[in-house]
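> What follows is the residue order along each chain.
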Amino acid sequence: MAKQFNVALIGNPNTGKTSVFNQLTGLNQQVGNYPGITVEKKQGVCKLARGVKAHILDLPGTYSLNASSLDENVVIELLLNKNDKDFPEVAVVITDVENLKRNLLLFTQIKDLGIPTILAVNMADRMKRKAISLDIELLEERLETKIALISSRKNEGFDYLKELITNYKTLSVKPCLNASVIAPEYFDRLRKAFPNQDLYKLWLVITQDVNFGKLDRQEMSSVASFKTESISNLKRLQQKETIARYQFINGVLKETLTIDTANAKDLRSRLDRVLMHKVWGYVIFIAILMLIFQAIFDWSSYPMDLIDSTFASFGEWTKNNMPAGDFTNLIAEGIIPGLGGIVIFIPQIAFLFLFISILEESGYMSRVVFLMDRVMRRFGLSGKSVVPLIAGTACAIPAIMATRNIENWKERLITILVTPFTTCSARLPVYLIIIALVIPDQRVLGIFSLQALTLMFLYLLGFGAAIFSAYLLDKVLKIKSKTFFVVEMPNYKLPLFKNVAITVIEKTKSFVVGAGKIILAISIILWVLASYGPGNFNKASEIVQKQEIANNLTQVELDQKIASFKLENSYIGHIGKAIEPAVRPLGYDWKIGIALVSSFAAREVFVGTLATIYSVGSDEEETIKNRMAAEINPANGKPLFNFASGVSLLLFYAFAMQCMSTLAIVKRETNSWKWPMWQLFVMSAIAYVVALGAYQFLK
Amino acid sequence: MITIASLKKGQRGIIKEFSVDVVPLKLLEMGCLPGNEVALVQTAPFQDPLYLNINGSHLAIRKETAAQIRIEIIENE
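First to last, the protein sequences are chains U and V. Residue numbers for the first sequence follow full-length UniProt numbering, so the first one is 1 and each next one is one higher. Residue numbers for the second sequence follow full-length UniProt numbering, so the first one is 1 and each next one is one higher.
Derived by calculation from the structure, the hints in this document are not laboratory data. Virtual Cβ for every residue (Gly too), placed ideally from N, Cα, C. Some hints could be false.
[As the list claims (entries may be wrong)] Ranges between beta-carbon positions, derived for each pair:
hint, chain 1, residue 1, chain 2, residue 2, range
1, V, G10, U, I286, 22 to 30 Å
2, U, P195, V, P45, 54 to 62 Å
3, U, M290, V, F46, 37 to 45 Å
4, V, K9, U, S449, 40 to 48 Å
5, V, F46, U, I479, 22 to 30 Å
6, U, G114, V, E75, 19 to 27 Å
7, U, M290, V, Q11, 35 to 43 Å
8, U, D84, V, K9, 21 to 29 Å
[As the list claims (entries may be wrong)] Derived DSS-like pairs (lysine-lysine); straight-line CA-CA distance at most 25 Å:
hint, chain 1, residue 1, chain 2, residue 2
9, U, K410, V, K63
10, U, K162, U, K47
11, V, K9, U, K101
12, V, K26, U, K410
13, U, K101, V, K16
The shape of chain U in the complex, shown without the other chains (with noise of 0.2 Å):
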């Protein structure tokens, strides 16, 4: 096979660059991350003309070569590197029609690097109604570039920009403005110090440390004989840089680009009247949040219990078919209930990446930042806290990357730090299940179900516990910080139906592969150390026979005194009984006390846990909460899962940073440890003394 060439699709963010990606690579793309870091690496194949094939890598979104966060880093250290294997051979830079102006400005720097740069127009579709004509031929000429006027919405151009990058070798790689007139003297210095390397390279490396400071300057600091600029001194000179490539680009449109005016009058000053009016933007706003919870909660739980059945019967049926052994227990009783605790979360974090990513691609997503940037502020938050606040229901570890793009240290750290408190998808199955078991099924005043309101409670609970905790956070915190808030105001846009459809795939699957290798992993170990055990249990059937001697029990009912006899004495319920002491205080007995420290790899392990340690022995076809129905308080001869311990419980998951996935990133985005330890034991305590306040409460 030929070798593939690289090409980068480069753009601001609301170009639509990912749409242009979808249309090139189709569903042949894989997304992936950046090694040691968490940007998201979204790459794939397209095809061209004559069999040629491209390698396409789309990069994240950025306004600019001066990085201001870990994704924008990104592009600038790959278009650094020639040696990487990713250095695109050929650039196409995603511009929006009406936002061209200020696009453009990427696409500058973009040249400035002698990269063969192609400058993709899209949304073309909209010049017409918006009435926008542009001269082509001589915006060619004056940016040294070949332009693709391109619609991924209509589908429209992708032949012409595809015979461009096929045709990449012709590409002029001139500059289209000299960068050096900002400080001509500077400059000159720099190309004396540094004869064989690209001026504006040099510059970008320079300017890279006063904003992000990642880029290795080994080189630059081996030439002793160069003295650099003050960072201020720098900070002034990317000033003069921006302000000239603004004066050549309102130049260069002033003679390509006509909009009259007359026809602008549209689409977003009407709904931003309606969506960001005082009133009804917040009505609107928390109608949206609640019909996203109906999805959440009562859409998603017909498939939710169509799975369990389906995993219970289907450990069932494996059982009866394949031969008896331990291999075939280890399938049973403790793969397949553990993998049923996993697929079971489908629907809801499907359903939670479908509105979100609805409401990023329309636009509504900044009126939302926008709206409640003044309300957050209050307790030491950013209106941008607003979108991980709401991602993290589904899962804390995209909404603790969601964080980045907020520009304040402090608020984002204070954002990171609290997210975990919202009620995020992992708690919903052990909320279902309880909640299932201790609240009765009664309605109040004949039509809210008392059930619904209680997990409604929580979720409430999750944020109240995330707001107050920021607004104390935000007093003690003694972290100065440059405040700085820039949103951009996208145009409205009806969300492509195979951009949403891909990023619900995407996302969902990620979730069920990562929190999969977990869960399958917990509920091997599980199974092991609750079906071995030492001493006594190997001799269960006989001590259990002794003892029962004189009660003339039925085969069936020592079976099951055997079962629960040999449970107590495996490995697990050693280790159980040792945490025992512990949870006792809480309501709980050994094996909730075993789910719970499972759960401190992920809270989703409590009822696929619970569903091993239950089944292991038992031949019956039950579901998980049947059996947790009819699991009986030795010391009382009531359920075990009462009221009192019901409501313990809840508490304790709403508060306990119970997921090793959520530390690892909250390491990751605040590089040190003590954050996510930090985390780790103060929502863990929180967690204990309020489960241990209300237990002995309503005992």
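Take the given structure of chain U and dock chain V to it, following the hints.
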């Protein structure tokens, strides 16, 4: 001092010189540069943040940042 924060809804102004040390580079890159036009599209409830149209780009910034950027208001004829 007349700044972006002094604009009334619908009013326009021309951006004057300002200190780079208090205004983020990102804002400059979005087109907030001396000589460019700025218009106040809308304010959020509690008059903060401000929704602006700067040099043809729609963006929102907080009042405290806006108060750092001097402008000259364009009087409507």
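> Taking 37 to 45 Å as the stated bounds, is the beta-carbon spacing between M290/U and F46/V within them?
For F46/V against M290/U, whose Cβ atoms are near 24 Å apart, the range 37 to 45 Å is violated.
> Is it true that the CA of K410/U sits at most 25 Å from the CA of K63/V?
19 Å, holds
> Next pair to validate is K162/U with K47/U; report whether the Cα-Cα distance is within 25 Å.
Since the Cα atoms of K162/U and K47/U sit roughly 9 Å apart, the hinted pair holds (cutoff 25 Å).
> With a cut-off of 25 Å on the C-alpha distance, tell me whether K9/V and K101/U pass.
24 Å, holds
> Within 35 to 43 Å: is that where the Cβ-Cβ distance between M290/U and Q11/V falls?
37 Å Cβ-Cβ, so the 35 to 43 Å window holds.
> Keeping to a limit of 25 Å between CA atoms, is the pair of K101/U and K16/V held or broken?
Holds. K101/U to K16/V sits at ~20 Å (cutoff 25 Å).
> Is the gap between the beta carbons of G10/V and I286/U within 22 to 30 Å?
29 Å, holds
> That 40 to 48 Å hint for K9/V and S449/U (C-beta), does it hold up?
45 Å, holds
> Could one say that the CB atoms of D84/U and K9/V fall in the range 21 to 29 Å?
The hinted range 21 to 29 Å is violated for D84/U and K9/V, with Cβ atoms some 48 Å apart.
> Taking the CB of P195/U and the CB of P45/V, does the distance hold inside 54 to 62 Å?
58 Å, holds
> Holds or violated: K26/V and K410/U, Cα atoms, limit 25 Å.
18 Å, holds
> Could you see if the CB distance from G114/U to E75/V stays within 19 to 27 Å?
Given about 47 Å between the Cβ atoms, the range is violated.
Checked against the numbered hints listed earlier, the structure breaks hints 3, 6 and 8; every other hint is satisfied.
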